[in-house]
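Trainee: Those protein sequence lines, which keep their order, are chains A and B. If you use our numbering, the first sequence corresponds to residues 27 to 398, in order. If you use our numbering, the second sequence corresponds to residues 27 to 398, in order.
Misleading hints may appear alongside valid ones.
No copy labels: a pair is met if it fits in one copy or bridges any two.
Stated by the list, open to error - No farther apart than 25 Å at their CA atoms in a straight line, the calculated lysine-lysine pairs in the DSS-like style are these:
id, residue 1, residue 2
1, 247, 197
2, 119, 351
3, 351, 113
4, 351, 384
5, 206, 282
6, 206, 247
7, 384, 282
8, 49, 113
I should point out that these hints are in silico values taken from the structure, not numbers from a laboratory.
Protein chains: 2
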Amino acid sequence: MPDRRDKGVYRSRLARCQEVMSKRGLDALFLAPGANMYYLSGFLEEASERLLTLIVPQTGEPFFIVPELYEEQVRSSSWVENLVSWKDSRDPKAALSAAMKQTPNRYQAIGVDSRMWSRFLLMLLAVAPDARFEDAASVMNDLRIRKAPEEVELLERSAEIADAAFSEMLKECREGIREKEVATEIVHQLRRLGADGIAFEPVASSGPNAALPHYRSGDRKLQRGDLVVLDFGCLYRGYNSDITRTVAIGSSDDEKKKVHSIVRSAQEEACQRAAEGMEAQSLDGVAREIIEDAGYGRFFIHRTGHGIGLEIHEEPYIVAGNSVKLAEGMAFSVEPGIYVPGQYGVRIEDIVTMEAGKARRLNKCTRELMIL
Amino acid sequence: MPDRRDKGVYRSRLARCQEVMSKRGLDALFLAPGANMYYLSGFLEEASERLLTLIVPQTGEPFFIVPELYEEQVRSSSWVENLVSWKDSRDPKAALSAAMKQTPNRYQAIGVDSRMWSRFLLMLLAVAPDARFEDAASVMNDLRIRKAPEEVELLERSAEIADAAFSEMLKECREGIREKEVATEIVHQLRRLGADGIAFEPVASSGPNAALPHYRSGDRKLQRGDLVVLDFGCLYRGYNSDITRTVAIGSSDDEKKKVHSIVRSAQEEACQRAAEGMEAQSLDGVAREIIEDAGYGRFFIHRTGHGIGLEIHEEPYIVAGNSVKLAEGMAFSVEPGIYVPGQYGVRIEDIVTMEAGKARRLNKCTRELMIL
Numbered sequence: 027m028p029d030r031r032d033k034g035v036y037r038s039r040l041a042r043c044q045e046v047m048s049k050r051g052l053d054a055l056f057l058a059p060g061a062n063m064y065y066l067s068g069f070l071e072e073a074s075e076r077l078l079t080l081i082v083p084q085t086g087e088p089f090f091i092v093p094e095l096y097e098e099q100v101r102s103s104s105w106v107e108n109l110v111s112w113k114d115s116r117d118p119k120a121a122l123s124a125a126m127k128q129t130p131n132r133y134q135a136i137g138v139d140s141r142m143w144s145r146f147l148l149m150l151l152a153v154a155p156d157a158r159f160e161d162a163a164s165v166m167n168d169l170r171i172r173k174a175p176e177e178v179e180l181l182e183r184s185a186e187i188a189d190a191a192f193s194e195m196l197k198e199c200r201e202g203i204r205e206k207e208v209a210t211e212i213v214h215q216l217r218r219l220g221a222d223g224i225a226f227e228p229v230a231s232s233g234p235n236a237a238l239p240h241y242r243s244g245d246r247k248l249q250r251g252d253l254v255v256l257d258f259g260c261l262y263r264g265y266n267s268d269i270t271r272t273v274a275i276g277s278s279d280d281e282k283k284k285v286h287s288i289v290r291s292a293q294e295e296a297c298q299r300a301a302e303g304m305e306a307q308s309l310d311g312v313a314r315e316i317i318e319d320a321g322y323g324r325f326f327i328h329r330t331g332h333g334i335g336l337e338i339h340e341e342p343y344i345v346a347g348n349s350v351k352l353a354e355g356m357a358f359s360v361e362p363g364i365y366v367p368g369q370y371g372v373r374i375e376d377i378v379t380m381e382a383g384k385a386r387r388l389n390k391c392t393r394e395l396m397i398l
Numbered sequence: 027m028p029d030r031r032d033k034g035v036y037r038s039r040l041a042r043c044q045e046v047m048s049k050r051g052l053d054a055l056f057l058a059p060g061a062n063m064y065y066l067s068g069f070l071e072e073a074s075e076r077l078l079t080l081i082v083p084q085t086g087e088p089f090f091i092v093p094e095l096y097e098e099q100v101r102s103s104s105w106v107e108n109l110v111s112w113k114d115s116r117d118p119k120a121a122l123s124a125a126m127k128q129t130p131n132r133y134q135a136i137g138v139d140s141r142m143w144s145r146f147l148l149m150l151l152a153v154a155p156d157a158r159f160e161d162a163a164s165v166m167n168d169l170r171i172r173k174a175p176e177e178v179e180l181l182e183r184s185a186e187i188a189d190a191a192f193s194e195m196l197k198e199c200r201e202g203i204r205e206k207e208v209a210t211e212i213v214h215q216l217r218r219l220g221a222d223g224i225a226f227e228p229v230a231s232s233g234p235n236a237a238l239p240h241y242r243s244g245d246r247k248l249q250r251g252d253l254v255v256l257d258f259g260c261l262y263r264g265y266n267s268d269i270t271r272t273v274a275i276g277s278s279d280d281e282k283k284k285v286h287s288i289v290r291s292a293q294e295e296a297c298q299r300a301a302e303g304m305e306a307q308s309l310d311g312v313a314r315e316i317i318e319d320a321g322y323g324r325f326f327i328h329r330t331g332h333g334i335g336l337e338i339h340e341e342p343y344i345v346a347g348n349s350v351k352l353a354e355g356m357a358f359s360v361e362p363g364i365y366v367p368g369q370y371g372v373r374i375e376d377i378v379t380m381e382a383g384k385a386r387r388l389n390k391c392t393r394e395l396m397i398l
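Just chain A, with the same shape it has in the complex (with noise of 0.2 Å):
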């Protein structure tokens, strides 16, 4: 992320969101703590529940309101001076009111960021009856869809501190080890290599626990046979890493070893295949084919990649019904699955970024089936 004394690029970037929300006849954004507000001031907090949002007008100065507590911390790490303040005795509505009465026009057309909670947006629902209010995500996602090179560079080190960590791990990944030991050395590795903290819960699911996309890890102890999925990431100044690799402990048998590598198949040709203007929902269907045709289409039940950056998911998703096309500066995710229900799962996921037309790899570690 740029210095907060790099005004230009904070400006270029209000300029960008100004220009968009004219365009969609927005009068001003609502920005939560998190990705949208640290892109656009430079100030990075997790969401909490004192009121704190960034205000971005059509025209002229964005502001803050801020809770008494953080406003050193905002004006010692953003580059927006206006603040205004709330003591944690008072009721933040009524800072939120003497905001929107500041402006000499009342805002109509209000977005308002996604993951603002509805705690909040209930508030501005009770502040201005009458405004319309949209999901900010129309504006943002449009800014930060293509990364600028200053953002896939730290990407890019979020993901080399992944692949770093997975090495490191892999020394203690061995039969008998509990699943959440392996989880709980790969958050300490994430963190000894530099990360900031993790992007995710890491999943360390074993056996039939890999047959679960989403499940993380828990006391089942690794055995002789096992698949087991290994997919974590970690944070690097704001910017996430997501890196999934399936291995085996101690042998593998034929139909595991036959699935790891139409898996690899899927993705490696879906990271191939990648081009400038192709549609996402295409890419999704490159890596669907082929474990599809493979005989195993009814056992990839999840969309082969998400877009990444500021956040762990963002546009563009991979995925049907999403004809956003692949552009120059756009990050995500490729990770096919095979899930067999109750059996295993196998996943490989690497962060790719468009890159002269092509896909460009972040990840490096073997996609091979390391028996370990």
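Go by the hints and put chain B onto chain A.
Mentor: Just chain B now, kept in the frame of chain A:
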């Protein structure tokens, strides 16, 4: 959390929920992944961009709208049997709309999870433009503010893990180590000792950084004479812990010792005087008065505490303006602090539960100023 087969606990929670809904005139609650969904259904999951909601009608059975790839996980962890699933390639709004039409009478008054992403509330507003929406906190806080004995047990276990991690972490906390390394060690110890994850990114703020109450950690190395604020907690079966201690590196001057002792007295006194029937704001006053009388009132810039349970911050907030009366089963933090900008900060925090009319501390680590 009760086992999913222990339907009795969930049935009685549901009955109480529907009773409160009836009093408040709410036809249905739409709950998001997180504390509320877990409390009523036993299914624990993080918020994501895929629509996943538990719908609780005022009478009759609750049901889920769930992305297809979560279906098996919901079935295996929740007692709620009614699921409407939707495919990744479809618009979830259709599922939402269909669910609304399933009911003989359309919902007119809807309680929305405080933390549901605005993206989904906007969908609801589009699907049910004539309905009245309010914060479901009006119902859920009522249910969750007083913890049942099985919940206090989990809070206690969560606090024990945090206490044990504090002791382990002290071994690494010394002159020359970076704040970030301290934070990494805290996370590792919490997980190693049985935590399912962290409650929030730890605070390990040293020297002048400790004067920023929501600073986390950075590259600064701990220096002789520093005060270091260590504030962290973990998740254990959904329940949060949260502890703060302030330690000194190598030595401490008289002013810092004095300030530490003022904060310690304020914290001690507030824990002692918390009593059944006392208003939350009066307890805030107890801690505040001691710090004000010592001449540091303007440096105590946040509330005295927050409730804790399935959320790290929930009711009751121990803050001016909150007239909620302390009652059996309530659990909250007591955490006064003094922050001298640019110089140093001190905070001491324990979680207490109201039992037999008084506050019982769940955290047992020493509150003396440790010089490391």
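Trainee: If a hint holds in the structure, say so; if it does not, say that too.
Mentor: Against the structure, the hints come out as follows:
no., hint, verdict
1, 247 / 197, "within (16 Å within a copy, 30 Å between copies)"
2, 119 / 351, "between (41 Å within a copy, 23 Å between copies)"
3, 351 / 113, "between (46 Å within a copy, 22 Å between copies)"
4, 351 / 384, "within (13 Å within a copy, 62 Å between copies)"
5, 206 / 282, "within (23 Å within a copy, 41 Å between copies)"
6, 206 / 247, "within (9 Å within a copy, 31 Å between copies)"
7, 384 / 282, "neither (31 Å within a copy, 59 Å between copies)"
8, 49 / 113, "neither (36 Å within a copy, 32 Å between copies)"
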